[in-house]
Structure formats: structure tokens, C-alpha cells
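Q: Here is how the chains run, residue by residue.
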Amino acid sequence: MNDLDERFRALGGAHAPDLWPEIEGRASTVRRRRSPTRWVAAAAAFALAGGGLFLASRVFRVEEPPARSAGAPPEPVVAGTTEIPGAFAVVPGEGSLWVGASALDGGCDGTIHRIDPTTGDTIARIPVDAVAGWDGSIEVAPGAVWVAGNLCGPDREMGAVLQRIDAATNQVDMTVDLGTGSSGEVASAEGSAWLTVFREPRRAEVVGVDAATGEIEATIELGSSYAHRLLAAEGALWVTERRDEASPEGSGVLVKIDPGREEIVASPGQLIHPPEAWGGGLWARRRCEIARIDEATARITADRLPTRCMNSPILESILRSGAGGLWFFETGTNDPPPRLVRLNTETGDIDVRVDGSKLQTPIDFAVTDTAIWIVNYEGSLTRVDLRYS
Amino acid sequence: MQEPAIRSEPASAIERAYREHGDRMWRALMAFSGDPDVASEAVAEAFAQALRRGSALRDPGRWIWRAVFRIARGELKARRARPVPIRSPHLELPEPALELIRALRDLPDRQRAAVVLHHAADLPVREVAGALGITPAAVRMNLTRGRRRLRELLEED
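Protein chains in written order, with our numbering: chain A, 1 to 389; chain B, 390 to 546.
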């Protein structure tokens, strides 16, 4: 018996609430939604595809989209799902999709899967020494992919690193040591890679790295211990600081950083989810609306579009742009599961909806011109084709 | 590799499994995440998904134990930040236990998972290996390092 064992024994005083009514409620809600017809259709589709691995490769094979008529929203079709164990993030760029996957053996290393978005084939599996394990920790820049992570292992001190993959060779060609701490998310702009690093005791920094040499060229202290979604857009760096741990999950205070002056230039203190660049401006989710951000002041403007509220903090903070609008999850009619929708910012309408019951459990997604790619916590990647008439 | 002992049966068996394992599963997740809400969400969602899958779930023991940790990680990922301070009215723990939960936050993910499954959920090493999908040797390594680091952290306090 020792002090540690006594402490664990003291944990025995914590008891779970009775969750069984909640469990039954969740299970029955989903069972009702899945009609036998859908299962028959799914089985037929599987049989037609030949099953198993053949299905996994075929479902990503799509035809070139026809020229789209102006304003005509595409029809979303869930094309299929392929397993990528440990997958946590997907990012498009350099003509490929880059899917980060954590190691499943207890290590801090991982694999970046490079996928051809046209065929769905895996072009390369690139081992990396460290992955952070969340969306935003991978960034595609011209000719390179940046991967933030933390080293660990018997011969290593815990430390934040930034790795660069050469997109021409699919090899890691640079690893930047960022010292003791945890790396967060990465963005790239004008020859530099920027990432958030969390140090002890509880302080966050934005660190700039020269993309050519790997030298640390700037360190900007933030006012809090944690921040997320580092974005390079509109000539500035944008990061959402979590200054109050009681604030809604995934949200924070938007901070604008001038990378040239290496200082914070605006921080209006409004709680908001991380912004996304779209249509020459910045947009962010806030409660039950999507709001435009004033790029000068970082304040929320009066240009706001109402949306359904979202009751899942996992998905509420994820906003992506492309293929004609802003994409996000919202609570579906008659309650969950959440559905993926497109907001046309020109009309203010939700004009594309992906039935949530056809999806697994999304944790990240990326938008390309012809498809939505969804990473699921089940360790898989789902493709939703956008078919234009 | 041996799995945590939950038998493969339909809904009634899943409920029995919940009654038998749910409390310590929740306790392990609460220690893992530092957040009772994350623990409740993960346990509820994992068992609900097990119910939905019914007999299609070939190996519910391993599946549920793995699912709860994946869901908890997903919840934590969404929150991004380290676990929030413990405020839940459900928790009236003595200070040594709260210090332990705080120290657990500073362990790498895999060490923390191994430690809480073994010490908070009382799973033997082989079952921890089944739940985490790693080898028993890897579990023992993570347990040794995790315990050592925990002692250091608690002594620093």
C-alpha cells in the first residue's frame, strides 16, 4: 500500500449518475430513423459493389462533375466510408487529401495518409514522429505539409515539434524543435509556419517558424493558457483564446495578430467559435447564428445569418468553407443526429443538407469542389459526393 | 489478448453489462478526462451505440471499453483545452483524490488511459490491453512510467 494506491482508492467515492434512461433514449431514437428500406438499399449497394475492400476503393471513384449551373445547389450523396484507424483530421491541398492518424500502440507518432481525391486511392502513408491528434494540427502550404505534434518515448523528453513533409517526395524533410511544451494548431502564410504552443505554467504562445530554414523567427505571448484554430487570413493571424474555462466549449475570444509587428492588434472580447475565411471575409459561428467578422476590429458585425442551434459541442465549433458556401453541422429536425449543411452566404439560405443518420460520428471534415470528406471517431473517412445537375 | 468481461448478448445483456461495469467505467473516464460530464457523455453514447448495433456487435466487451475512450477523447478534443476544473455536484471527493485527478492531466494520453483503467477501473493488465488495443507489454510500460510520473507530480505539489 502506498500513497498513490490510497489516492486511487479515494476515487471510489465518485459514483456515476444513472445513465440507463439516457442510453435507452439515444438508442431508440436512432433505431426509429433507420427504415428497413434503407438497410435493403445499403445491402444492395454493397452487393453491387462486390463487397469488402472492393467497396472501399470503389466508393471514392467519381466522375468529373458536369459544369454547374449558377446557383443550383448540388445533391449530396454519401458515397462510402473507408477505414483509417486512428484518423483525427483531414485537410485538402496540393491536389490531395491529407488525413492524420494517431498511432494505436500507445506512442505519440502517427501517419499522414495522402489520398487521391478523384479515385480515393491512398497515394502514400507517411510516418511522422509526432502528431497532436486534433484537427488544425495539419496545414497544407505550397509544396509542403506541416504537422504539429509532441514527441514522447523512452529516449525523449516531452517536447513540441513541427514537422514538414515535402509534398514532392512524401518524406519528412524538416523537424523543428519547439522546446518543452505541447503543440497546438498550425497555419502557414507568406513563407512562415505559425503554430500555437502551450507551455507550463499555463501560458500559450504563437510561434513563427521560417519555412525555409526551420528557424524560430517570432514568439507572441497570448493572454491565456489555451487557444485554438490558428488561421492565417486577410493578412493577419487569427486565434481563438479560451480565457475563461467556464466559457462554452470550443468557443473563446477572437484575437487578431499582426504577424509583421508580432503583436496582438485586436481582441474585442466577444465569445465566438473559431472563424473561417470565405468569400473575401471572415465568418464564425456564434450561438444560433453565423456572423461575419470585421477584419479590422475582429468584432462581430451586424451581418448575421440565423441557423439552427447545435447541441453538440464536438461539432459546433467546426466551420469549413468551399464548394459554394460555409459548411457546418446543425441539429436535425426532430432532434439528433446532427446533419451537415451548406449555408449560401449570398442568399442566407441553407441549401444543401446531408442526412445525419447516414453518417458515423464526425470529428472533422474537409470540403473540396466535388465532395465533403468526413473523419469519424470510429477511425474512418466518409466521402459525400456533391452531384451537380 | 483478453477482453474485459462483458458477454455478447442482446439488449438485456447490454443493460446487465451497464449495471455491472458502468460505474467503474464512468469513474475511470472521469479520472481520465477530469470532467464528469465527459465521462457521462462517453458512457451513455458507447452503451447506446452498443444497443443500436445489437447482435451485429461481435465482441461487445472490447468494443464498449474501446468506444468509451474514443468518445471521451473526441469530447476532449472538441474542448481542446485541458480538462476543466471539477465542479460537478456529483463529486464530493477528498482532496487527495482531486489532487490525483489534477496530476493525471499531465500524463500523456496513453499512460493516463492505462493508469486509470488499471487503478481506477480495476482491470487486469490483459483487459487493459484489450480495451486500449495494445499489447500487455505496452500496458505495463505505460503503467510503470505513468505511476512514476504521477508520484513526481504529486510530490511537486
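None of these hints come from the bench; they were simulated from the model.
Predicted model only: the values in this text are computed from it and were never measured.
Where hints are given, some of them may not hold.
What the hints assert, rightly or not - Residues on chain B that point at chain A, a partial pick, calculated with CB under 8 Å:
id, residue
1, F436
2, L489
3, L532
4, R536
Note that beta-carbon positions come from the ideal geometry of N, C-alpha and C, so glycine has one too.
Q: Work down the list of hints and note, for each, if the structure agrees.
A: So, going through the hints one by one against the coordinates:
For B/F436, the interface hint holds, since its Cβ comes within 8 Å of a Cβ in chain A; the closest pair sits about 4 Å apart. Hint on B/L489 holds. Least Cβ distance to chain A is approximately 4 Å, under the 8 Å limit. Annotation: B/L532 was flagged as interfacial toward chain A, and the flag is violated, the nearest CB pair being 11 Å apart, outside 8 Å. Restraint check, B/R536 versus chain A: the minimum CB separation of about 6 Å is within 8 Å; hint holds.
Violated hint for the displayed structure: number 3, the only one.
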